[in-house]
Amino acid sequence: MSGPSNDCVAVPGGRLPVMVKLQKHSKLPRLHSTRDTRDRVDLVTAETFGTTDLKADRITYHPGDTAAAHRHPDCKHFFFVLEGEGILHADDDEIKLASGDVVMLDEDEVHWFENRSDADFEFIELWVPAPPTPTVWISDDHCTWAPSI
1 MSGPSNDCVA VPGGRLPVMV KLQKHSKLPR LHSTRDTRDR VDLVTAETFG
51 TTDLKADRIT YHPGDTAAAH RHPDCKHFFF VLEGEGILHA DDDEIKLASG
101 DVVMLDEDEV HWFENRSDAD FEFIELWVPA PPTPTVWISD DHCTWAPSI
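Letter 149 of the sequence shown, counting from 1, is numbered 149 in the working numbering, and no numbers are missing.
Hints should not be assumed to be uniformly reliable.
The list that follows gives simulated cross-link-like pairs (lysine to aspartate or glutamate, EDC-like), each with its CA atoms no further than 16 Å apart [stated by the list, open to error]:
#1 Lys76 <-> Glu125
#2 Lys96 <-> Glu107
#3 Lys96 <-> Glu83
#4 Lys96 <-> Asp74
#5 Lys27 <-> Asp53
#6 Lys21 <-> Asp53
#7 Lys96 <-> Glu122
#8 Lys76 <-> Asp36
Don't read these hints as lab results, they were simulated from the structure.
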């Protein structure tokens with residue numbers, strides 16, 4: 001994986017140049033869950049764009065996939081549902097999500113997702129700021145990710 005692009009694009013009209021950083025979709029890191037069949041594409045990370053202002057990835061839950069209950073200290077967590085339907089478990093609530101829905105969880109809110117449908121459930125998730133501390137797993141059941149080949 002190459003580092004962030006530092007291409008500079010001049011703006012007409014005498015204004016200062018604007019720094020544009022571009023990562024081609026084909027070059028973004030791709031991972032798969034070692035716990036189930038989920039897929040992940042890292043979109044905005046310290047490695048892809050050299051920033052910790054936020055972190056973002058795109059997750060695909062295939063039919064039957066579930067995440068383990070966890071929480072993220074020190075950052076808000078946002079989800080933008082791109083396609084399909086899934087269930088967000090937040091504390092003791094089950095919240096049905098569908099394409100177009102947007103969710104925000106505050107710091108330290110315990111949550112996990114599952115896909116009970118027979119189609120993919122896909123969303124972009126963002127952490128603001130990028131998590132300064134590791135994910136806290138609620139039990140010994142936790143998720144790990146490995147590079148996809």
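Each hint, compared with the structure:
no.: 1; hint: Lys76 <-> Glu125; result: holds, 10 Å
no.: 2; hint: Lys96 <-> Glu107; result: violated, 21 Å
no.: 3; hint: Lys96 <-> Glu83; result: holds, 13 Å
no.: 4; hint: Lys96 <-> Asp74; result: violated, 26 Å
no.: 5; hint: Lys27 <-> Asp53; result: violated, 21 Å
no.: 6; hint: Lys21 <-> Asp53; result: holds, 15 Å
no.: 7; hint: Lys96 <-> Glu122; result: holds, 13 Å
no.: 8; hint: Lys76 <-> Asp36; result: violated, 25 Å
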